[in-house]
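The listed protein sequences correspond, in order, to chains W and H.
Residue numbers for the first sequence follow UniProt numbering, so the first one is 1 and each next one is one higher.
Residue numbers for the second sequence follow UniProt numbering, so the first one is 1 and each next one is one higher.
By construction, these hints were calculated from the structure, which means they are not laboratory data.
Glycine included, each C-beta is placed from N, C-alpha and C at the ideal position.
Check the hints yourself; a few may be wrong.
Stretches of chain W that chain H covers, calculated by requiring three or more beta carbons in the stretch to come under 8 Å of a beta carbon on chain H [stated by the list, open to error]:
id : stretch
1  : 78-91
2  : 107-117
3  : 141-149
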Amino acid sequence: MKNTLLSLNEATRTVNSGSNKVTLLDNINLNVEVGEFISLMGPSGSGKSTLLNCIGMLDHFTDGGYTFLGEPVHSMKEKNRSKLYKEYIGFVFQAYHLIDELTVYENIETPLLYKSVKSSERKAMVADMLDRFNIVGKKDLFPIQLSGGQQQLVGIARALIGKPKLILADEPTGNLNSKQSEEIMELFAQLNKEGVTIIQATHSESNAAYGSRIINLLDGKIV
Amino acid sequence: MIKNNIKLAWRSIRKNRLFSMISLTGLTLGLLACISVVSVVLDDFSYDSQWSRKDDIHRLLTNVDMGNDVSNKMSASWAGLRPALMDNFPEVEAVTNIYTVDRHIKKNIEDTDVIDLKALETDSLIWDLFDFKVISGNPKQFIHGKSNLVLTKTLKDKLFPDEDVIGKIVFSIPSFGSEPTPFLITGIIENIPSNTHLRAEALIIEKGRLEALYKEQYGSFTRNYVLFKTGTDVNKFSEKLNTWYTDFVGGETKYSYEFQPISDTYLNSEFDNEIDIKGNRSTDYILLGVAILVLFIACVNFVNLSVARSLTRIKEVGVRKVIGADRKQIITQFLVESLMYFVIASLIALPTFYLIIPFIEQFIGHALQVSLLSSLEYLSLGFVAVFIVAVITGTYPAFLISGFKPMNSLKGLINKNEIYGQQFIQKGLVVVQFSIAIIVLVSVFIVKSQLDFINNKDLGYDEENLLAINPTSWDGKGESFHKEITNIPGVTSASLANWRPTFGSGGMLKSIDNPNNLGSKMQVWFIAGDVHLPKTLGVKLISGRLFDEKLITDAPQSKPIAFNNEEKKVNTQPSILTEFTANALQVTKMNTTIPELETNPIGIVKSFHTQSLRYDFKPVVIVGESNPDYSSMLIRVKEGTSSEVTAKINKIWKQMFPNKYLAMNWVDDLVEKQYLEEDRLQSFFSFFSMLSLLLSAIGVFGLVAQSTEQRIKEIGVRKVLGASVKSIVVLFSKDYVKLVAIAIVIALPIAWFATSKWLQDFAYRISVEWVVLLLAASIVLVIALTTVVVQSIRAAIRNPIKSLRTE
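Modelling step: build the complete structure from the supplied sequences, incorporating the hints.
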C-alpha cells in the first residue's frame with residue numbers, strides 16, 4: 001500500500017535578478033511516497049538545492065502547488081509552514097552546520113529544547129541517539145575537535161532527534177573522503193530501511209545508487 | 001531552556017574576550033557612576049524625612065516687603081512670635097528656637113586645649129519636635145541655672161571615652177563674649193543623622209528666650225520651628241497667622257510669614273546665606289543627568305558592539321532556525337545574553353560602590369546616610385531599573401539578528417537593506433555618543449575657565465595676605481588690641497570694622513528713594529570701620545580722599561548713623577563711596593551732603609566685590625567709626641610673614657582675652673569658600689568627562705576591531721592588489737572622521753547653549769568662546785582618530801597571505 005508524503009504540482013520558483021526574471025525551478029511535478037530514498041542529481045546550478053530548500057519550506061515556490069501530508073503548503077501562512085517543517089522534516093548539510101559553541105551532546109539536544117521536551121525525556125532521547133551513532137565518548141567535545149565524518153554523524157543525529165518523517169540532505173558527503181562518505185551513505189540506507197523518507201542532492205553516482213529512485217535535474221527541469 | 005540560555009551566554013561572554021571586556025568595563029563604570037550619583041541624590045532628597053512628626057514640623061520664614069515688589073525672604077522671624085503662636089493658636093503644639101552654632105569647649109577651665117564642636121543651640125521644646133534617642137541621662141528634664149549640654153554618642157566617645165560624664169561641667173570659650181560659659185552635661189543621645197539640615201554633634205539647651213511680640217514691630221529675630229497638631233492645614237494656618245499679625249500690629253506691616261515643611265528646608269534654602277548645610281536641586285539634576293549620559297554611552301557601546309558582532313553569528317542563528325527555533329526563542333537567547341552582561345556588571349559595580357563610599361563621602365563632605373544599598377526597596381528598584389535598561393539595550397540587537405531569513409544566513413547572504421538600517425543606527429549611535437562626550441568636555445572647560453576667572457578677577461580690594469577676625473566684643477580693649485597688632489613686624493595695617501569680605505555687602509542697610517528711578521526704593525549698605533579700613537582693605541582711590549587719622553570727625557566715636565527716625569539729628573558724617581554707589585546716587589561733587597543718607601562723601605574708591613561674583617555690585621557707603629564695642633578686625637600682613645604674624649596675634653590675643661576664642665580666617669580662604677559648590681562641580685565634570693571620553697573611545701575601538709576583523713579578507717585582497725597601508729587606514733578612518741564631524745556640528749550649539757545658561761547664574765562671567773568649543777571638538781576628534789588609526793594600522797600591516805589563508 002502506497003502512502004503519499006508530498007506532491008509537487010507544476011511547482012515553479014523564479015527570482016528577480018536585476019531586471020531579469022530567472023527561473024530556478026520550472027514546472028516540477030513530483031510525488032514522494034513514504035519510505036522512498038530519492039537522489040537528486042544534476043550539474044551545479046541545475047536547481048537541486050533550491051528544490052530541497054523549497055520542499056524543506058525554508059524557501060517557497062513562487063507558483064504551482066505543494067502538498068505535504070495532505071496539507072496545501074503553498075497556501076499556508078508562514079507560521080503554520082514553519083510549524084510543519086519543524087515537526088516533520090530534518091536537515092543535513094554539506095557543511096554540517098553544527099553550532100560551534102555547543103558540545104556534541106548539546107548540539108543534538110537543541111532541537112528538543114526548542115520543542116520544549118521535558119528534561120528527563122530529553123536526556124533519554126539524546127542518550128539513545130549517542131548510543132546508536134556510537135559517539136557516547138565524544139558527547140562533551142566541541143565540533144572543532146571532531147573529524148568531518150564525525151561532525152556529519154552529529155549533524156544526522158541532530159536531524160533525527162526530532163523523529164522526522166523526511167530527511168533532506170544537501171550534498172551530505174560533499175566535504176568527506178570516500179571512506180567517510182560510504183559510512184554516511186550506509187547509515188542513510190539503514191535509516192531508510194527503518195522507515196525514514198530521504199531526499200538527497202548529490203553529484204556522486206555511487207551515492208545516488210543508495211537511493212531507490214534517481215531524479216535528474218537540468219536548468220530547473222526534471223529530465 | 002533558561003538554564004541553557006544562561007550557559008550559552010556565559011560561553012559566549014568567555015569566548016569573545018575583547019568584546020566582553022569592552023562591554024563589561026563600560027557597563028560597570030556606567031552603572032557605578034549611576035549608583036554613586038543616585039545615592040548622593042537620594043541622600044540629598046532624604047533630608048529631614050526621618051523625623052516621626054516630619055509632616056507637622058515647619059520652619060517659620062519671614063518675607064520682608066522691600067517695596068518695588070521686591071521682598072526678602074529670611075529663615076529668621078520675631079522671637080516674640082513663639083509665645084504668640086503658642087498662646088493664641090490651638091493648632092500649634094510647640095515652637096522651639098534652633099541655631100546651628102560653632103562652640104569651643106574646654107574640659108576644665110584651666111585647660112589650654114580647646115575642642116571645636118558643632119551644636120544646636122535651642123530650648124527644651126526641641127524634644128517635642130524631633131525624636132532624638134536618649135542613651136543615658138535625663139536630658140529632657142532641663143536643669144536650671146546653667147546651659148545644658150547633650151552630647152551625641154560619637155562626640156562622647158571622642159571626648160570622654162571611658163567616663164561617666166552626666167553631671168560634669170565643661171566650659172564654652174566664646175568668640176564674642178568675654179567670659180567662659182559653664183555647660184552642664186545632662187545626657188547622651190544617639191548620633192543625629194547626617195541627612196538633616198540640623199546636622200550637629202551636640203545640643204545646647206538654654207532656658208529659652210521669653211520675648212514678647214511688640215506691636216511696634218521691633219525686637220530680636222530668631223529661628224522658629226513650629227510643631228503643628230497632626231492634620232493642620234498649614235497653608236490655611238499661615239493665612240490665619242498673617243491676618244492675625246496684621247491686626248495685632250494695627251493694620252500695616254511689611255512682614256508676612258510662611259511655613260516651610262522641614263523636609264523642604266535642605267533643598268530650598270538658597271535665600272538663606274547664613275546656613276551652610278543646604279543642598280541645590282539643580283546641581284543634583286545636573287549630576288544625575290551626567291551620570292545617566294555616561295551609562296547611556298556605555299549602553300551604546302554595548303548595542304553597537306553586539307550588533308557588529310551579531311553579524312558573525314548569523315550562521316548560528318540560521319542553523320538554530322532550521323533545527324526548529326522560532327524567532328521568539330532566538331530573541332530570548334540574545335536577551336538573556338544581554339542580561340548576563342548587566343548582571344555581571346552590576347555584581348562588580350555594587351561591591352565597588354561599597355568600597356568607594358568613603359571617597360564619595362569625602363567628596364560631598366559628609367556621611368552618606370542614604371544610599372542605593374541602604375534599603376531593600378531602593379536596591380530592588382535599582383535592580384528593576386537595571387533590568388529595564390538591559391532589556392531596552394538588548395532588544396535591538398536581538399531583534400536585528402533574529403530577523404534574518406534562515407536560508408540566507410546559512411549562505412552568508414544578508415539583505416542589503418537590513419545591513420543598511422543596521423549601519424545607519426550604529427552610526428547614529430556613535431554620533432550621539434560623541435556628541436555627549438563633546439558636550440561634557442565643553443562643560444569642563446567652561447566651568448574651569450569660569451572658576452579661574454573668578455579666582456583671578458580683581459575684586460577691587462586685595463584679598464591676599466589679609467586676615468579677618470570674626471566679630472567679637474572688645475570689652476573696651478579694641479583700640480589697645482589694635483595698637484598691639486599694628487606693632488607686630490609684618491603687619492602693615494589693621495582695622496576695626498563691622499564688615500568682613502564675603503559676609504554680605506555691609507553691616508547695616510538703609511532703604512532710600514532711588515534717584516535714578518523716582519518712586520522706587522534703593523537699598524544702600526553701610527560699612528563702618530576705623531580710619532585704617534580703606535588702606536587695610538587695599539581699595540583704590542579714584543577721587544577725593546580717604547579717611548584722615550588726624551581728623552577726629554572722620555571717625556567719630558558715636559554711633560555713626562541714626563537709624564531710628566525719632567533720634568534723627570543733623571549728622572553729616574564723612575563717608576567714602578564706591579564708584580558704583582556714586583553713580584547710583586548721582587554723586588559728582590565731594591563734600592556735598594546726601595540728606596537721605598545723612599552723610600557727606602569725601603572720596604570715591606573703585607568698586608569692590610563685597611560678595612560672591614554671582615551677584616552684581618550693591619551700593620555701599622563706608623563710614624568712619626572709632627573704638628567700636630563690637631566689631632571684626634582686618635589685618636594686612638606682609639607677604640611671607642604669615643606664620644610669624646598669626647603666632648604673634650595668637651599670643652597677644654591670649655594675653656588680652658584669655659577666656660575668649662580667637663576665630664580668624666584668611667580672606668582669600670573665605671573668598672574661595674564661596675565657590676565650593678562650583679569647585680565640586682568642576683571636579684565632578686572633569687571626572688565624568690574623562691569617563692565619557694574613555695568609554696566613547698573604547699566603543700569606537702571595539703567597532704573598528706570588529707570591522708577590521710570582518711573585512712580582513714578584503715584588506716588582504718586590497719594589499720595583494722597593491723594598496724598601501726596608508727590607503728587602508730584612510731579607508732577605515734574616513735567613516736569615523738565623518739561621524740565625529742557630525743557629532744561636533746550637533747554638540748557645539750547644545751554645549752554653547754547649556755554652558756551659557758549655567759553662566760547666567762553669575763553676574764560676572766566669561767563668555768563662551770569659540771576657541772573653547774573648537775578645542776573640545778578637536779580633542780574628541782584626535783582621540784577618536786587615534787583609536788581608529790591605531791586599530792586599522794594593526795590590521796593593515798598584517799601579512800596578506802595570512803589573512804587570506806584564514807578563510
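Status of the hints after comparison with the structure:
no.: 1; hint: 78-91; in the structure: holds (count 3)
no.: 2; hint: 107-117; in the structure: holds (count 6)
no.: 3; hint: 141-149; in the structure: violated (count 0)
Against the hints set out earlier in the document, a violation occurs for number 3 only.
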